Amino acid sequence: MLGEGILKGLAQTAKNFAGSYVSEERLTTVQYPEERLPVAEASRVFPFLVFDGSEWLGGMRCVACQICEKECPPKCIYIEKSKDKKPDYVGKQQFYPVRFDIDISVCMSCQICVEVCPFEAIKMDTAFELATDDRFGGLLLDRQQLAKSNEYYHSIHPTEASEVDARLDEEKVKAEAKAKAAAPAAAAKPPAPAGGKD
Amino acid sequence: MAATFDQIFILFRNWLVHFLPPAWQPAAGALLGVIGIVAVFPGLFALTTLLERKGLGRMQNRYGPNRVGPFGLLQPVADGLKALTKEDVVPFNANGLMHLLAPLVMVVTVFMSFAVLPMGRHMELVDMDAGLLFFFAMGAATELSVFMAGWSSRNKYSILGAMRAVAQMISYEVPMLLSSVAVVMIAGSLSLPKVVAAQNHYTGIFPHWYVFTPWGFGAALMFAIAAIAETNRSPFDLPEGESEIIAGYHTEYSGFKFALFFLAEYLGMFALSGLGVTLFMGGWSAPFSFLTWIPSWIWFFAKVMLAICVFIWMRGTLPRLRQDQLMNFAWKFVLPYSLLVLLVTAFWRFLPPGWERWVVCTVILAVAYVVMGRAAFKLKRVGPRSYRYAE
Numbered sequence: 616m617l618g619e620g621i622l623k624g625l626a627q628t629a630k631n632f633a634g635s636y637v638s639e640e641r642l643t644t645v646q647y648p649e650e651r652l653p654v655a656e657a658s659r660v661f662p663f664l665v666f667d668g669s670e671w672l673g674g675m676r677c678v679a680c681q682i683c684e685k686e687c688p689p690k691c692i693y694i695e696k697s698k699d700k701k702p703d704y705v706g707k708q709q710f711y712p713v714r715f716d717i718d719i720s721v722c723m724s725c726q727i728c729v730e731v732c733p734f735e736a737i738k739m740d741t742a743f744e745l746a747t748d749d750r751f752g753g754l755l756l757d758r759q760q761l762a763k764s765n766e767y768y769h770s771i772h773p774t775e776a777s778e779v780d781a782r783l784d785e786e787k788v789k790a791e792a793k794a795k796a797a798a799p800a801a802a803a804k805p806p807a808p809a810g811g812k813d
Numbered sequence: 385m386a387a388t389f390d391q392i393f394i395l396f397r398n399w400l401v402h403f404l405p406p407a408w409q410p411a412a413g414a415l416l417g418v419i420g421i422v423a424v425f426p427g428l429f430a431l432t433t434l435l436e437r438k439g440l441g442r443m444q445n446r447y448g449p450n451r452v453g454p455f456g457l458l459q460p461v462a463d464g465l466k467a468l469t470k471e472d473v474v475p476f477n478a479n480g481l482m483h484l485l486a487p488l489v490m491v492v493t494v495f496m497s498f499a500v501l502p503m504g505r506h507m508e509l510v511d512m513d514a515g516l517l518f519f520f521a522m523g524a525a526t527e528l529s530v531f532m533a534g535w536s537s538r539n540k541y542s543i544l545g546a547m548r549a550v551a552q553m554i555s556y557e558v559p560m561l562l563s564s565v566a567v568v569m570i571a572g573s574l575s576l577p578k579v580v581a582a583q584n585h586y587t588g589i590f591p592h593w594y595v596f597t598p599w600g601f602g603a604a605l606m607f608a609i610a611a612i613a614e615t616n617r618s619p620f621d622l623p624e625g626e627s628e629i630i631a632g633y634h635t636e637y638s639g640f641k642f643a644l645f646f647l648a649e650y651l652g653m654f655a656l657s658g659l660g661v662t663l664f665m666g667g668w669s670a671p672f673s674f675l676t677w678i679p680s681w682i683w684f685f686a687k688v689m690l691a692i693c694v695f696i697w698m699r700g701t702l703p704r705l706r707q708d709q710l711m712n713f714a715w716k717f718v719l720p721y722s723l724l725v726l727l728v729t730a731f732w733r734f735l736p737p738g739w740e741r742w743v744v745c746t747v748i749l750a751v752a753y754v755v756m757g758r759a760a761f762k763l764k765r766v767g768p769r770s771y772r773y774a775e
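So the protein sequences, as listed, match chains A and B. Residues in the first sequence are numbered from 616 upward in steps of one, following the numbering used here. Residues in the second sequence are numbered from 385 upward in steps of one, following the numbering used here.
Simulated from the structure, these hints should not be mistaken for lab results. What you are looking at is a predicted structure, and each value in this text was computed from that prediction instead of being measured. All residues carry an ideal CB built from backbone N, CA and C; glycine is no exception. Incorrect hints may have been included.
[Claimed, not checked] Label-pair ranges, simulated between beta-carbon atoms:
#: 1; chain 1: B; residue 1: 693; chain 2: A; residue 2: 750; range: 42 to 48 Å
#: 2; chain 1: A; residue 1: 626; chain 2: B; residue 2: 590; range: 24 to 30 Å
#: 3; chain 1: A; residue 1: 651; chain 2: B; residue 2: 465; range: 17 to 23 Å
[Unchecked claim] Residues of chain A placed beyond 12 Å of chain B at every Cβ, according to the derived structure:
#: 4; residue: 619
#: 5; residue: 630
#: 6; residue: 632
#: 7; residue: 636
#: 8; residue: 654
Build out the structure end to end from the sequences listed, making use of the hints.
In structure tokens, the structure reads:
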């Protein structure tokens, strides 16, 4: 009969209306600023720079190779390479960024910088409450604002960070073995050029 | 005491007016009535927007607004301030005067239709002999303002929305008038206070409201459908189909002009609910004879708010119709059924009182409802769509 479906629908909405006052679990709303859902581990917002140890500049993994700057589709990364060098995590002398800016008003969170980085130096952050009243300076993050510790990385993406650490340790062991293999050879061979000079 | 409360607004008005010289008293009394209407209904509108958002939220298992003030009660104030402080944008190619006049015409005509509604015993602003006619004349003016808004905006969405709105309102005005005519046939008067007086009797404790008679029930149903369509409410809110034509005729309106359209829409809802209540549900009369001590104006506003709640309930339940479905429904079902109701009302009027006329009228209307409902929607075959050219 005409209107049967309407009556069924009206009964359904009436049930919802009354039920929402009786059982709280019907209400799917999360009252955001007061209560919040846990952030999913795989979530990503904007990139940050990882540093090891306690000192942000000394432990920064970035070597200013500028691959991410070149790959960034919206071109939101700006890097200036240093003139001098500092040792990286295996002790090798590397350049470091004197300037590393990301304009998060331009960034589109594509994660391409993370994919291309050969040094595991740039990762995606999960912080999303980045509203600011200064839309130019406030959204242009410099290297100090971007630098986050490896512990922080572990706290937001535990699985991924452990994998990265394992990989880096492996490389470190390899590098050490190589150095060890190279050391006796260097010792056995007389430092000819040096000796020659003397 | 009860009689004093029943007439408290009238007594207050008379007391205020008696300070003036006698020659000014009628005009001052009318002015006070106008002030009352202009103050009460926008206030009710503010409350209704909140009620609607809360109610719809609960129907969708949400909380609804709960941030501004306790339980979100100050939300209408925040909305009003927002509307007032927004920039009033007029499109470059728009006809400025028409663009300004359209919302004003709409609000003014809707307010004027309140003049003939009896909101309580002796509480009508103008006791017009042809009050119903005046009401519909004012209601028809909203079509004018809608088209003014759509045409003057010079925007294709506005004009499409206005054309849809006008087509819809004219289509549904016919059954609405016809179902009101049924009441006029029985009550024998176009004056709304007289229509209420005709229903204000009781058998035992039950009232003689027209909605409790077979013809009255049918007419009330058709009136309700037509009223929902007339006020552009869901499921008949095609003039504002967001997915197709942005916001219809008020696409190009912002700030307080938009707020006026919004106000007019809700005022139209109140006016039509008030008319429906007056015609079919006994206006200000109490639902049981032992409740007559409660002031008549409380009953009127309680019934109007009940009707508004049904409007909101409908909106929370039904999806929007398509334009052809809307027109089919108006011309193939609502209009013929209203004509039949008119015929049955004539039977009721001329059959001798007794149980026979109840049976005859009920059977005719019920059978017609089932048969016409089947016939009107018989051709609708739901199935996979077939393509003639594309493959």
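Now the hints, each set against the structure:
Range check, residue 693(B) to residue 750(A): about 45 Å between beta-carbon atoms, so the 42 to 48 Å window is met. About 27 Å separates the C-beta atoms of residue 626(A) and residue 590(B), a value consistent with the hinted range of 24 to 30 Å. Here the CB-CB span from residue 651(A) to residue 465(B) is close to 29 Å, at odds with the stated 17 to 23 Å. Distance to chain B contradicts residue 619(A) as a non-interface residue, since its nearest Cβ pair spans about 9 Å, not more than 12 Å.
In this structure residue 630(A) is not separated from chain B by more than 12 Å, as the shortest Cβ-Cβ distance comes to only about 9 Å. The claim that residue 632(A) lies off the interface is violated: its Cβ sits roughly 5 Å from the closest Cβ of chain B, which falls inside the 12 Å cut-off. For residue 636(A), the non-interface assignment is contradicted: its Cβ lies about 7 Å from the closest Cβ of chain B, within the 12 Å cut-off. Consistency note on residue 654(A): stated as away from chain B, and its beta-carbon is indeed over 12 Å from all of that chain's, at 23 Å minimum.
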